[in-house]
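Visitor: For chain A, the structure is supplied; the task is to place chain B on it using the hints.
The listed protein sequences derive, respectively, from chains A and B.
If you're matching positions, the first sequence starts at 1 in the working numbering and goes up one per residue.
If you're matching positions, the second sequence starts at 1001 in the working numbering and goes up one per residue.
The set of hints was computed from the structure by calculation and includes no laboratory data.
Since the structure is predicted, the reported quantities are computational estimates derived from the model, not experimental observations.
Be aware that a few hints might be false.
Among the chain B residues that face chain A by a calculated CB cut under 10 Å, a handful are [said to hold, decoys possible]:
id, residue
1, Met-1001
2, Leu-1006
3, Thr-1030
4, Ile-1034
5, Gly-1041
6, Lys-1042
The beta carbon of each residue, even a glycine, is placed where N, CA and C say it ideally should be.
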Amino acid sequence: MNSEKRKLKVLVSSTVYGIEELQTVSMSNLLTMGMKSGCPIKGRFLSFQLEAPLKTAYKL
Amino acid sequence: MRDCDLFLGIITPSYGSGQDPTDDSSLSITHQEIKLAIELGKPRWLLAHENVIFARSFLNKLSIKGGIDFRGTDGRANLNLKKSPIFEDLRVIDLYEEAIIHLSPPIEVPLSERKGNWVQKYHSNDDGATFVSAQFFRYQEVEKFIEENFKKDEVLQNSGGTS
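Looking at chain A on its own, in the form it has when it is part of the complex (with noise of 0.2 Å):
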C-alpha cells in the first residue's frame, strides 16, 4: 500500500487518564490496537496525527 496516500488526521479525546504516548504503529491498527491495549478509553488523552508511517502522538 502506499503509505504517502495516508494522511487522515484523528485526534483522539478521552476522558479517562492513561498513557501519554504510543509508539508508532500502521495506521490501519492504531485504533483496533489503541482499544485493545487500552490507549483510547483508558488513555487520558491521546491526540494522534494519524499519517503513514504514523508519527508518534502528541499531547496537547
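Guide: Positioned in the frame of chain A, the structure of chain B alone reads:
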C-alpha cells in the same frame, strides 16, 4: 483540533483533566475538545459509557415531591455530587447532551432537525473496540467518506450537516 480530519471522542463517567484548579466552572480538556469539534463541524465519532447514559436517564425521571426536577444542566445544578471513581462529575452528562445535540432552550434543536448527533453507547472496552474497529479499520473508506461528505463546506454543527 483545528488540524484534524476527524474526531473520535470517548465520554466516560470520569470528567477528564486540565481544569483550572482556581475555577470550579472550568471545563476539562476533553469537554472543551468535544465542544470545539461540534462548533467546527468536524466529522466526529463519539462513544459514551452506558453509565453516563443511565445516569442522565435516571436524573431526568427524578424529582423532589412538589417541585424541583433534575433535567438538563439547570436541573442538575440543584445537585451536588461527591467526586468518586463511580461518577466523577455531573458535567459528564452535560457533555453527553452536547454531543447528542440535546441542548436546553433557547438553543434547543428539535430532534427531527438534529444531525451528527449519534453517540454510540458502549459497555466495556471490548464493546467500544468493536465499534471503533468497525468504523475505522477500513480507513480508506473513512477517508473517502470524509472526502465525499465534508469537503464541500458541509459541516456537522448543531443544526446542520449530515452524518
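Visitor: Indicate, hint by hint, whether the structure satisfies it.
Guide: Hint check results:
1. Met-1001: Holds, about 6 Å.
2. Leu-1006: holds (5 Å)
3. Thr-1030: holds (5 Å)
4. Ile-1034: holds (7 Å)
5. Gly-1041: Cβ of Gly-1041 (chain B) sits 14 Å from chain A, so the hint is violated.
6. Lys-1042: Lys-1042 (chain B) check passes; min Cβ-Cβ to chain A is 8 Å, inside 10 Å.
Of the numbered hints listed earlier, the single one contradicted by the structure is hint 5.
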